[in-house]
Amino acid sequence: MDFDKRLERAIERGQRSKDAESRAAAEKAMTEEDLRNLHSKCRLEMTEHIENCLQQVSDHFPGFEYKTVVDEKGWGGRVIRDDLGFSGQRKPENFYSRLEMVVRPFSSTHIIELAAKSTIRNKEAFNRTHFQFLSEADMDSFSELIDLWVLEFAEKYSAQT
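Counting from 1 along the sequence shown, just add 1195 to a position and that's the residue number in the working numbering.
Just to be clear, a hint being listed does not mean it is correct.
[As the list claims (entries may be wrong)] Under the rule of at most 35 Å between Cα atoms (straight-line distance), these lysine-lysine pairs were calculated in the DSBU-like manner:
1. Lys-1213 - Lys-1200
2. Lys-1262 - Lys-1318
3. Lys-1286 - Lys-1236
4. Lys-1236 - Lys-1262
5. Lys-1268 - Lys-1200
6. Lys-1318 - Lys-1351
7. Lys-1286 - Lys-1312
8. Lys-1213 - Lys-1268
9. Lys-1312 - Lys-1351
10. Lys-1351 - Lys-1262
11. Lys-1286 - Lys-1262
12. Lys-1200 - Lys-1236
13. Lys-1200 - Lys-1286
14. Lys-1312 - Lys-1262
15. Lys-1351 - Lys-1200
16. Lys-1236 - Lys-1213
17. Lys-1286 - Lys-1318
Read the hints as simulated data drawn from the structure, not as lab findings.
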């Protein structure tokens, strides 16, 4: 077999390989409805994990009240606590603490987004968001992130009180 024939066969194999890859990519591409369904599935899994973690915070710190969040900002939960204390001048003062975690609604950007806000004794502790593209969403990493943020809140809260 001479070089020209081997070259032609190599080019044909490359083209077949490219066609196969483009077909696989087309099959992998998700429709808008598929992305909405995936977002709902991920949201449910994440909100369940958020609820479990925040319930444990309210169990370990008496006075925290868990509330489910379902509004235009998203789905999730929050723990809230109001304390009455005294300021440096012996005047009564209200101290507000909370941790809120929500999964934002589906958007045209096709991402799954987790947002968290925390306040400890009237001071913001953190305000964060994390997102991943739906096609690349890794629920294990979101679960670890939820755990990390809840643990950080618990540590900061226990250090302040």
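Verification of the hints:
no.	hint	result
1	Lys-1213 - Lys-1200	holds (20 Å)
2	Lys-1262 - Lys-1318	holds (21 Å)
3	Lys-1286 - Lys-1236	violated (49 Å)
4	Lys-1236 - Lys-1262	holds (21 Å)
5	Lys-1268 - Lys-1200	violated (63 Å)
6	Lys-1318 - Lys-1351	holds (11 Å)
7	Lys-1286 - Lys-1312	holds (28 Å)
8	Lys-1213 - Lys-1268	violated (43 Å)
9	Lys-1312 - Lys-1351	holds (13 Å)
10	Lys-1351 - Lys-1262	holds (21 Å)
11	Lys-1286 - Lys-1262	holds (30 Å)
12	Lys-1200 - Lys-1236	violated (52 Å)
13	Lys-1200 - Lys-1286	violated (93 Å)
14	Lys-1312 - Lys-1262	holds (14 Å)
15	Lys-1351 - Lys-1200	violated (71 Å)
16	Lys-1236 - Lys-1213	holds (33 Å)
17	Lys-1286 - Lys-1318	holds (19 Å)
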